[in-house]
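So the sequence lines, in the order shown, correspond to chains A and B.
Read in the working numbering, the first sequence has 1 at position 1, and its numbers run on one by one without any break.
Read in the working numbering, the second sequence has 372 at position 7, and its numbers run on one by one without any break.
Since the hints were derived computationally from the structure, they do not count as laboratory data.
In this text the structure is predicted, and so the values were computed from the model without any measurement.
All residues carry an ideal CB built from backbone N, CA and C; glycine is no exception.
Please note that the accuracy of each hint is not assured.
[Claimed, not checked] Facing chain A, a subset of chain B residues (Cβ under 8 Å, in silico):
{"id": "1", "residue": "486"}
{"id": "2", "residue": "492"}
{"id": "3", "residue": "505"}
{"id": "4", "residue": "509"}
{"id": "5", "residue": "591"}
[Unchecked claim] Here are some chain A residues pointing at chain B (derived, C-beta under 10 Å):
{"id": "6", "residue": "15"}
{"id": "7", "residue": "19"}
{"id": "8", "residue": "20"}
{"id": "9", "residue": "23"}
{"id": "10", "residue": "45"}
{"id": "11", "residue": "68"}
{"id": "12", "residue": "87"}
{"id": "13", "residue": "89"}
{"id": "14", "residue": "101"}
{"id": "15", "residue": "126"}
{"id": "16", "residue": "155"}
{"id": "17", "residue": "182"}
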Amino acid sequence: MTLTVSLAHRFGDFALDVAFEAPPGITVLFGRSGSGKSTVVNAVAGLFTPQRGHITLGDRVLLDTEARRTVPPHRRRLGVVFQEGRLFPHLTVRQNLRYARWFSRDPAESDDGQRVIEMLGIGHLLDRRPARLSGGEKQRVAIGRSLLARPELILADEPLSSLDEARKAEILPYFEWLRDDVKVPILYVSHSAVEVARLATTVIALQDGRIARQGPALEVLGDPMVTPAGVRAAGAVLEAVIAVQHGDGLTELDAGGARLFLPKVPGGAGTRLRVRIPAQDVLLSRGAPEGLSALNVLPGTVEQLRQGTGPGVIVSLRTQAGQLLARVTRRSAERLELAPGAEVHAVVKTIAIAREDVSQGAPVE
Amino acid sequence: MDWLSPEEWSAVHLSLRVAIWATLVSLPLGIFVAYALARWRFPGRQVLNGLVHLPLILPPVVTGYLLLVTLSPTAPLGGFLARFGIVFAFHWTGAALAAGIMAFPLMVRAIRLSMEAVDPGLEQAGATLGAAPIWVFLTVTLPLSLPGILTGAILAFAKAMGEFGATITFVSNIPGQTRTLPSAIYAFLQVPGGEGSALLLVVISIVLAMGALLMSELLARRLQARMTGA
Chain A
1 MTLTVSLAHR FGDFALDVAF EAPPGITVLF GRSGSGKSTV VNAVAGLFTP QRGHITLGDR
61 VLLDTEARRT VPPHRRRLGV VFQEGRLFPH LTVRQNLRYA RWFSRDPAES DDGQRVIEML
121 GIGHLLDRRP ARLSGGEKQR VAIGRSLLAR PELILADEPL SSLDEARKAE ILPYFEWLRD
181 DVKVPILYVS HSAVEVARLA TTVIALQDGR IARQGPALEV LGDPMVTPAG VRAAGAVLEA
241 VIAVQHGDGL TELDAGGARL FLPKVPGGAG TRLRVRIPAQ DVLLSRGAPE GLSALNVLPG
301 TVEQLRQGTG PGVIVSLRTQ AGQLLARVTR RSAERLELAP GAEVHAVVKT IAIAREDVSQ
361 GAPVE
Chain B
366 MDWLSPEEWS AVHLSLRVAI WATLVSLPLG IFVAYALARW RFPGRQVLNG LVHLPLILPP
426 VVTGYLLLVT LSPTAPLGGF LARFGIVFAF HWTGAALAAG IMAFPLMVRA IRLSMEAVDP
486 GLEQAGATLG AAPIWVFLTV TLPLSLPGIL TGAILAFAKA MGEFGATITF VSNIPGQTRT
546 LPSAIYAFLQ VPGGEGSALL LVVISIVLAM GALLMSELLA RRLQARMTGA
């Protein structure tokens, strides 16, 4: 089931004009707040009608402003996980989960519900009301509620942004579960590079109401021209498998033949992982560095340089492990004579690979 | 009931009947009008809002007089309704109508405030889960504004119990037919030696009003606890 969206809307001096396709998997709409992400989600959900738009899901037309046709939200068969959960405060968790069932045409089947409740670990909360749930529990129930509506697509509008770091880590795996096991397509809105790196199959980078770049996650995140979350948050994502678990607490990864060392990552040999390497944690050296404490040195070729208005330069490198981004100062770029084609060594400090940036790899279609 | 004379008892009984009917009949309409004012944007919204509040601003006697000239059997509308056996003038149903109209602004205001406090995001969530607008209203908006609906109903009931000006103008002060508590108190005060009965009815009025208020507080608190507690 593929979602195709094209819409244009003007609010005062902000113009939104986007067109994209969301193939199966998790498509992340990635951009800063104010880039128009939530407007897109609301238009897909039917909660907002843009001035011009055409939205289809599979072969169903959800919106066609030219033909003056719009399917009301309750007939779109989408599940929405809102930023603030939006659980019904007057209903128990059980009633919240069953809410969609009251209006669905096939009220049968309950195994499904049991399985979802088990997976989300909310069985012990069923008789509580939302006011007595923690933030993480609320979002788990919200995920379950939208899933039990048996949607053809799940829309997740910054579902983690109201949670603290620990709770985020608690919820992220459930989206991976939706992506990999439930196999429901998801349109996921986020401004967090970490979430994008971990979840996205496809990335749509939104900047000021327009799409700056769209495509497979690894390509978009490795593009130095696209930094929807700002240069500071830029970082490439590599795919790797666990090669060896060493006795000294390090895990050795194989990324396209290159070796990377990380502090202990749980998982047996062969486990697929995604590793995010923030651009500002990568140093560049023209010669092969010697006598360095860093374990991860990747030889590569400079592909592109992007110079902003500030003193920094974002350099993209092609390495054996994949596309890498490095953020260096303009002065160093000049001193090292960095230009497309230049041979360099990228030094990645082991500890620079943050724990939260290591995730279970997405199946690549 | 020998601590009340038949005359006093009839006033209490009639007042309760008038107030209960006025509240029950106007409640569905009050909920509808409050919802329309809270959620819909339509031309004439301000006019509707003004109309609803009019009885609050007009002298009650004026409201009563307007009812009399439109609904007396000799008036076109009153005559038309009388053909179907619907009579308001000088009848207890007229007292209920007058009380209902006078209480309507209070009822609508309380319900509207609580409906405006319902997060539209929750209504949107209901819609995305497959609920058609009427079901969103019944399963989300209505239950969440129940404390306000309750407050509105109790306020309207208390106001209806005490309505005097419009009632006496519209349906007069006929013992056993339209002599409600306030009318009875007024009547007792007009005759020598009636102060005792008047005082008794005053006490009953206070007790009924306080009782209604306490009950609404209690129920509202219980409803609130359901939503924020276990």
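Hint-by-hint comparison with the structure:
no.: 1; hint: 486; verdict: 5 Å, holds
no.: 2; hint: 492; verdict: 4 Å, holds
no.: 3; hint: 505; verdict: 6 Å, holds
no.: 4; hint: 509; verdict: 6 Å, holds
no.: 5; hint: 591; verdict: 7 Å, holds
no.: 6; hint: 15; verdict: 24 Å, violated
no.: 7; hint: 19; verdict: 23 Å, violated
no.: 8; hint: 20; verdict: 21 Å, violated
no.: 9; hint: 23; verdict: 22 Å, violated
no.: 10; hint: 45; verdict: 6 Å, holds
no.: 11; hint: 68; verdict: 20 Å, violated
no.: 12; hint: 87; verdict: 8 Å, holds
no.: 13; hint: 89; verdict: 5 Å, holds
no.: 14; hint: 101; verdict: 9 Å, holds
no.: 15; hint: 126; verdict: 12 Å, violated
no.: 16; hint: 155; verdict: 8 Å, holds
no.: 17; hint: 182; verdict: 17 Å, violated
Checked against the numbered hints listed earlier, the structure breaks hints 6, 7, 8, 9, 11, 15, 17; every other hint is satisfied.
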